[in-house]
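> We have chain A already, so just place chain B on it with the hints.
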Amino acid sequence: MTIVKDVVCPFCGCLCDDLEVNVEGGRVVSVGNACELGATKLAGEKRMKNPILRDGNEWRDITYDEAIQYTADMLLAAERPLLYGWSGTHGEAQCVGVHMAELVRGVIDNTSSVCHGPSILAIQEVGHPGCTLGVVKNRADLVIYWGSNPIDAHPRHLSRYTCYADGFFLENAFRDRKVIVVDIRRTDTANLADEFVQIKPGGDYAVLSALRAIIRGRTETIPPTVAGVTREQLIRVANLCKEAKFGAVYFGLGLTMTGGKYKNVRNAIELVAELNRYTKFTISAMRGHYNVYGSNEVNTWMTGYPFGIDFSRGIAFYNPGETTAVDVLARKECDAALVVGSDPAAHFPRRCLEHLADIPVVQLDPYPNATTAFCNVQIPVAVTGIDAEGTAYRMDGVPIRTRKVLSTDYPSDEEVLSRIYTLMREELGE
Amino acid sequence: MKYLMITGRTVNQGVTVENKTSVEYAEETSTCFMHGFDMLELGLDDGDAIRVTGPCGAVVMRAVASVEVEIGTVFVPYGPYANHIIDADTHSTGMPDFKSHVVEIEPTDEEPKTVHELMEELGGLAYDDR
Chain A
4 MTIVKDVVCP
14 FCGCLCDDLE
24 VNVEGGRVVS
34 VGNACELGAT
44 KLAGEKRMKN
54 PILRDGNEWR
64 DITYDEAIQY
74 TADMLLAAER
84 PLLYGWSGTH
94 GEAQCVGVHM
104 AELVRGVIDN
114 TSSVCHGPSI
124 LAIQEVGHPG
134 CTLGVVKNRA
144 DLVIYWGSNP
154 IDAHPRHLSR
164 YTCYADGFFL
174 ENAFRDRKVI
184 VVDIRRTDTA
194 NLADEFVQIK
204 PGGDYAVLSA
214 LRAIIRGRTE
224 TIPPTVAGVT
234 REQLIRVANL
244 CKEAKFGAVY
254 FGLGLTMTGG
264 KYKNVRNAIE
274 LVAELNRYTK
284 FTISAMRGHY
294 NVYGSNEVNT
304 WMTGYPFGID
314 FSRGIAFYNP
324 GETTAVDVLA
334 RKECDAALVV
344 GSDPAAHFPR
354 RCLEHLADIP
364 VVQLDPYPNA
374 TTAFCNVQIP
384 VAVTGIDAEG
394 TAYRMDGVPI
404 RTRKVLSTDY
414 PSDEEVLSRI
424 YTLMREELGE
Chain B
30 MKYLMITGRT
40 VNQGVTVENK
50 TSVEYAEETS
60 TCFMHGFDML
70 ELGLDDGDAI
80 RVTGPCGAVV
90 MRAVASVEVE
100 IGTVFVPYGP
110 YANHIIDADT
120 HSTGMPDFKS
130 HVVEIEPTDE
140 EPKTVHELME
150 ELGGLAYDDR
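Protein chains in written order, with our numbering: chain A, 4 to 433; chain B, 30 to 159.
So that you can see chain A by itself, here it is in the shape it has in the complex (with noise of 0.2 Å):
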């Protein structure tokens, strides 16, 4: 048996880097520090052993190279490609994709789209004044989770760095450290709280535009209560936040899912920044898939976008609402899909799973899943963290270098994207 010790999770945007993987005869037996959905993804079996093919109403199964000489001649005969998920593999991989879509003149989105893509709306429009996991850890003595269920989806964040991480100038950090919880739902992580504040849904726009009121100084102006919340409750938490030495506040799809989307994030950075005035405060989105920050940074520093960037003109043009997967599907524009590290199947309303049905559509993915049933082919490839490495971004925006901790046979998104790439490139005689 050889234990590998601090193997990065590759689930949630925590990226925890202290696991150790015991691997035995090929095989994860088990997994210590991780949390339930870390340790379950990392046993995790049941791949697909190899490419396959839908032949009619059946599948067949085919060679590499035969699956890879179908995606490039796919891609090179689609008049509009859509070339989308990208934030369960490696940036390396999103880095060839990238290069793929522009060659193609196609459009590329990543999961963001349905995820924090509102808020990086926001943040185009009024900044972002964040920070990394760490100084939260080692500073905040106020901890706001607006919106987000860590328990249910980023179980260890309340202990390697809010709830029960002790920091540098925090001693205790579980007496010390005052959490406020912000939701529509009790949830096991608003039973932790301090304070919770249950609002009505669809309210936040207007609680938060309450804080900021009273923040102000302009108390007088809050009803009796704010979309379910009490203005007793509401001046109890601003208080809370301007006599706190620093707080954070971690906001999650409550504000980008629910009416107003984008516009809440706004209004929760700006809450933020009146808050600056008073005392020192952050705010950062909880990001979901390990490396979907990832792939906002490598389409980033690749088009000057973060997600729903459409090479049809022969530049990078982003129109967030009309190059983003969800809607090129709904309107059923795109010719072809070509979906990497992602399940589109599982998570796009009908209608764009109507169209995927349309369609030629290649999966890279280890699993079978919802979108396998959509697809012409699919790859099965290595996962990123278990039997191939690369590199991934934490919530934070801090790049880790992901560990392998198995052999396999199975090549990885990296080295089926190349290859396509390649040949794409041949058959167009660059």
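Mixed in with the good hints, there may be bad ones.
[To be verified] Quick list of in silico lysine-lysine cross-link-like pairs, DSS-like style, CA-CA up to 30 Å: (1) K31(B) - K203(A); (2) K8(A) - K140(A); (3) K266(A) - K248(A); (4) K335(A) - K283(A); (5) K266(A) - K8(A); (6) K248(A) - K283(A); (7) K31(B) - K266(A); (8) K407(A) - K140(A); (9) K49(A) - K142(B); (10) K140(A) - K283(A); (11) K266(A) - K335(A); (12) K52(A) - K31(B); (13) K283(A) - K266(A); (14) K181(A) - K203(A); (15) K142(B) - K335(A).
What the hints contain is simulated information worked out from the structure, not anything from laboratory work.
What you are looking at is a predicted structure, and each value in this text was computed from that prediction instead of being measured.
Just chain B now, with coordinates in the frame of chain A:
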């Protein structure tokens, strides 16, 4: 009766997310968490089948009582069941209204479909591991 449907992550959804053809993933993502009073009003016990109708169609799920949701609100873990009835309009943001759909809920004798059946209904072809 009309309810506000919220979707979101759960630990069980995350644990089964890499194994979407499993019974456990289907069970988790076809669960509709409701307030006990709302279930009482509809005459539902834990695990009873319900037909949930949204702007794009209907899907059968199972109702489970939860202390986390308020009266009038239901919570469904992210996945193919909720997305079967969610509209693709993004109001020019790229993001559908995953957390703000009004749905109609009624008891039904039908059983929830499998993930494979849902995908085939939309034109896909299920792949089964051999």
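> If a hint holds in the structure, say so; if it doesn't, say that too.
Here is what the structure says about each hint:
1. K31(B) - K203(A): Given pair K31(B), K203(A) holds - Cα atoms ~16 Å apart, limit 30 Å.
2. K8(A) - K140(A): holds (23 Å)
3. K266(A) - K248(A): holds (27 Å)
4. K335(A) - K283(A): It is violated: about 47 Å lies between the C-alpha atoms, which goes past 30 Å.
5. K266(A) - K8(A): Cα-Cα ~43 Å, so violated.
6. K248(A) - K283(A): holds (7 Å)
7. K31(B) - K266(A): Holds, because 27 Å separates the two Cα atoms, which is no more than 30 Å.
8. K407(A) - K140(A): holds (28 Å)
9. K49(A) - K142(B): This hinted pair holds, its Cα atoms lying about 22 Å apart.
10. K140(A) - K283(A): holds (14 Å)
11. K266(A) - K335(A): Answer holds: K266(A) to K335(A) is near 28 Å, not above 30 Å.
12. K52(A) - K31(B): violated (45 Å)
13. K283(A) - K266(A): holds (23 Å)
14. K181(A) - K203(A): Judged against 30 Å, a Cα distance of about 23 Å means the pair holds.
15. K142(B) - K335(A): holds (26 Å)
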